[in-house]
Amino acid sequence: MTRMQKILVLFSFVVAIIVISVFWITEQSNRELTAAPISTNGLSIENWQTRNGARVLFVHAPQLPMVDVRIVFDAGSARDNSKAGLASFTNGMLNHGAGEWDTNTLAERFDSIGAQYSNSAARDMAVLQLRSLTDTPLLDTAVSTMMAIVNEPHFDQNELERLRKQVLISLKSQLQSPGTIADKAFYRTLYSEHPYAMPIAGEPETVTAISREDIIEFYKQYYVGRNAIVAIVGALDKAEARDMAERLVGNLPKGKSAPALPNVKALQQAEVVQEAYPSSQTHILVGQPGMKRGDADYFDLYVGNHILGGGGFGSRIMKVIRDDNGLAYSCYSYFLPMREDGPFIMGLQTKNESRDQALELLGKTLREFIEQGPTADELAHAKKNITGGFPLRIDSNKDIVEYIAMLGFYDLPLDYLNTFNSKVSAVTLESIKDAFARRVEPGKLLTVTVGQQ
Amino acid sequence: MLKNIVLWLAGIMLVLPQIGLAQVHETTLSNGMKVLVKEDHRAPVVVSQVWYKVGASYEDNGITGISHVLEHMMFKGTEKHGTGEFSRIIAENGGRENAFTGRDYTAYFQQLEKSRLPISFQLEADRMRNLTLPEVEFKKEVEVVMEERRLRTEDNPRALTQEQFYAAAFVSSPYHNPIIGWMDDLKNLTVDDLKTWYGRWYAPNNATLVVVGDVDAQAVFNLAEQYFGKLAPSEVRTMKPRPEIPQLGARNIAVKAPAKLPYILMGYKVPVVNTATEEWEPYALEMLAGILCGSNSARFPRELVREKQIAAGVTAGYDLFARQEDLLVFDATPAEGHSIEELRQAIEEQIERIKTEVVSEEELARIKAQVVAHKVYEQDSVFYQAMQMGLLETVGAGWQKLDEYPERIRAVTAEQVQAVARKYLVDDGLTVGILEPQSLTDKSLASAEH
Chain A
1 MTRMQKILVL FSFVVAIIVI SVFWITEQSN RELTAAPIST NGLSIENWQT
51 RNGARVLFVH APQLPMVDVR IVFDAGSARD NSKAGLASFT NGMLNHGAGE
101 WDTNTLAERF DSIGAQYSNS AARDMAVLQL RSLTDTPLLD TAVSTMMAIV
151 NEPHFDQNEL ERLRKQVLIS LKSQLQSPGT IADKAFYRTL YSEHPYAMPI
201 AGEPETVTAI SREDIIEFYK QYYVGRNAIV AIVGALDKAE ARDMAERLVG
251 NLPKGKSAPA LPNVKALQQA EVVQEAYPSS QTHILVGQPG MKRGDADYFD
301 LYVGNHILGG GGFGSRIMKV IRDDNGLAYS CYSYFLPMRE DGPFIMGLQT
351 KNESRDQALE LLGKTLREFI EQGPTADELA HAKKNITGGF PLRIDSNKDI
401 VEYIAMLGFY DLPLDYLNTF NSKVSAVTLE SIKDAFARRV EPGKLLTVTV
451 GQQ
Chain B
454 MLKNIVLWLA GIMLVLPQIG LAQVHETTLS NGMKVLVKED HRAPVVVSQV
504 WYKVGASYED NGITGISHVL EHMMFKGTEK HGTGEFSRII AENGGRENAF
554 TGRDYTAYFQ QLEKSRLPIS FQLEADRMRN LTLPEVEFKK EVEVVMEERR
604 LRTEDNPRAL TQEQFYAAAF VSSPYHNPII GWMDDLKNLT VDDLKTWYGR
654 WYAPNNATLV VVGDVDAQAV FNLAEQYFGK LAPSEVRTMK PRPEIPQLGA
704 RNIAVKAPAK LPYILMGYKV PVVNTATEEW EPYALEMLAG ILCGSNSARF
754 PRELVREKQI AAGVTAGYDL FARQEDLLVF DATPAEGHSI EELRQAIEEQ
804 IERIKTEVVS EEELARIKAQ VVAHKVYEQD SVFYQAMQMG LLETVGAGWQ
854 KLDEYPERIR AVTAEQVQAV ARKYLVDDGL TVGILEPQSL TDKSLASAEH
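Protein chains in written order, with our numbering: chain A, 1 to 453; chain B, 454 to 903.
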């Protein structure tokens with residue numbers, strides 16, 4: 001059916017925030033219910049550069065007559081400087097008039113051929129994504145439209161003022177969401193002077209101050225060949241993919257890669273932020289700076305966190321908070337690896353009167369995990385889950401295009417997926433304990449609560 | 454432009470036969486359980502879903518939310534597999550799993566590497582008949598569900614408005630009640646209520662098994678027979694019909710809650726595939742919703758958001774595969790400096806226009822192109838394919854309606870769009886719900902525990 005349909009459903013448990021894991025089987029705790037080991041054949045990723053230095057990653061997927069393209073620029077909100085919201089604003093303006101077409105015509109061109117365009121900005125990345133059928137006249141229209149959006153955005157003043165109003169109203173709507181309030185307070189305090197501190201969409205004052213010149217300057221600096229990654233998955237051959245990548249980004253100036261971001265400073269002491277909000281629940285976030293993409297401790301922290309609070313049912317936080325005490329519907333922990341140290345976060349929401357109990361249990365669960373590490377059973381179970389589900393990671397073009405864009409953006413090795421399982425299998429009880437002891441300090445946590453006192 | 458679009462569309466139409474839409478294989482086990490299988494050999498994975506014909510719209514007053522609480526309790530153990538064991542085994546096999554409850558269904562799923570399908574079948578067959586429903590687990594889990602209600606509804610002003618809006622729009626229809634249930638009903642629910650509910654609805658002859666993935670259909674049928682075939686059927690009681698009483702005039706409600714932005718919901722009573730006397734009408738309504746608000750080039754985003762700048766955001770919702778008569782709903786937030794009343798008028802003017810002016814061929818063609826393209830895109834997800842089949846089968850429309858859908862949409866004419874607008878988008882069938890924001894700092898207005 002079409003996108004207009006809203007499906008009203010409630011899930012039994014919260015779908016994990018972080019891409020859920022991968023999998024296999026060595027031990028057999030229940031012989032009747034286990035099957036043969038799983039092949040970990042990964043993807044065959046082609047990889048080259050456009051004439052102006054953009055990196056292209058391509059996976060040939062001939063089964064369906066469609067293609068997914070994801071273009072990622074190192075132009076996320078970490079590049080805002082003092083103008084919080086600039087990266088997101090620039091990204092949002094791209095399809096508001098470009099080339100020979102105004103906003104309405106661009107929308108019509110995509111809709112008329114059933115192509116799907118979207119854009120978004122995060123702290124590290126600015127993203128443009130396209131899905132189209134590969135039938136020649138259709139794809140040609142999709143690509144020429146996307147090409148204008150990438151290369152010739154108008155940044156028209158009237159459109160800019162209209163989008164500014166939209167951004168301001170969406171910032172206002174965030175004030176009626178205790179979860180969003182908590183999230184913003186968490187990043188603001190955790191990252192303090194670091195560029196990751198500011199909210200991606202900015203603040204009302206900073207968004208109001210952004211000028212057309214700011215946007216044009218930002219676009220010129222960051223939407224350049226050497227700052228771009230193009231991921232393509234679909235029913236094209238390599239020559240067609242090459243041609244498509246050149247058309248989409250090949251005409252951008254070569255430019256420069258974005259400069260390195262500053263290192264993230266660890267918290268020097270425990271900090272507490274409490275915000276009053278007239279909700280029936282208190283939203284709780286507890287954490288620290290965590291790790292980078294490609295971090296040397298990545299697999300130990302990833303597998304360890306799977307056991308702590310990343311693995312859904314069966315993880316310690318889920319067991320203690322939800323199963324044993326009925327304190328929350330959603331409770332979790334995760335590391336969000338970014339260009340520089342992304343956060344380690346434990347989170348939940350509970351009725352106001354349970355706040356202290358939940359905080360105490362959360363702290364206790366973390367301390368015990370750091371002091372004692374996981375049990376052998378927990379580790380074996382986590383490895384089976386992570387490695388045994390490997391095929392699910394790459395079972396759709398949609399998943400694959402996001403995956404390879406991520407590999408390209410963070411400059412991870414192309415055999416990353418193919419070696420993923422063996423690296424997970426190599427993690428030991430000691431290596432997890434060691435990594436958590438070095439990387440997570442329970443005495444220096446940031447605690448954010450939003451709710452009624 | 455128009456000519457080009459027609460050409461493009463012709464291009465898309467050519468694509469469909471090329472990809473050879475996979476066939477659905479269907480069988481019914483001797484105990485009455487329906488099994489649907491679609492082979493998709495793109496990746497060595499499989500999704501398995503069990504759909505039960507029970508959901509919030511099957512519930513009586515006093516036990517609202519029981520289908521959803523039972524869904525939570527389905528993870529709390531059987532005689533053979535204790536509390537949490539189901540999830541542990543699926544996880545050890547690298548699987549992902551979850552369950553969901555809607556107005557008209559409750560469904561459970563696992564996504565696995567293809568060789569693990571028997572594990573899913575064995576566990577699902579076990580919990581279809583042998584759930585233990587321990588009191589101690591229930592006491593905790595119902596607290597979890599109350600936290601879920603606080604998270605989703607109590608502390609979310611728009612969700613709160615939607616809940617009250619549906620309760621006003623539907624009087625005798627079970628769509629009056631929220632899926633998650635009223636807070637007081639959750640507080641008074643007992644494990645005995647759940648046992649009765651489980652006994653009444655969880656039986657092979659009230660379930661549909663849907664499997665999509667890298668499998669052989671006949672092998673899946675054999676496997677289904679092996680695990681589910683031995684389960685005894687139940688006598689599933691026929692429910693009394695609970696149609697909505699005729700609406701005799703517009704209804705307006707206000708919801709006061711702590712919030713920053715006003716918000717309006719406008720819902721019109723409309724037929725769905727299950728209830729339509731004219732088969733084409735739901736498809737014309739789908740087209741109507743698409744033309745007004747189905748994509749970025751539709752009329753509402755173009756005219757209300759971008760041109761008049763009277764709306765900050767506006768969406769349309771219509772579920773043509775609901776089990777009972779439903780609403781075509783528009784929801785919107787006014788742009789800064791505009792009132793809810795102005796926004797409502799602007800939406801009503803748009804509706805008036807669609808009644809008086811025939812929509813253009815170009816607009817129709819755009820929606821049709823999107824529907825056809827989507828038919829290709831949806832095959833990128835085995836989960837979505839299974840979900841569609843399970844849903845249509847469970848609400849009584851039948852999975853075959855999926856294959857008919859593009860053709861039915863293609864057949865809709867501009868005159869039919871106008872006809873359904875004139876017939877159904879009328880004041881007497883309208884319910885309007887308005888969120889009136891209250892201060893976020895005044896403690897006296899904090900949402901009280903019910």
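No lab work stands behind these hints, which were simulated from the structure alone. Do not rely on the hints blindly, as some may be mistaken.
[To be verified] According to the in silico footprint, chain B covers these stretches of chain A (three or more CB under 8 angstroms from chain B):
(1) 108-115
(2) 228-240
(3) 307-316
(4) 333-339
(5) 384-390
(6) 421-430
(7) 436-447
Even glycine gets a Cβ: it sits at the ideal position worked out from N, Cα and C.
The hints, checked one at a time:
1. 108-115: Answer holds; 7 residues pass the 8 angstroms Cβ test.
2. 228-240: violated (count 0)
3. 307-316: holds (count 4)
4. 333-339: That given contact is violated, which follows from only 0 residues of the stretch 333-339 of chain A lying within Cβ reach (below 8 angstroms) of chain B.
5. 384-390: Coverage by chain B holds for the stretch 384-390 of chain A (7 residues, Cβ < 8 angstroms).
6. 421-430: violated (count 0)
7. 436-447: violated (count 0)
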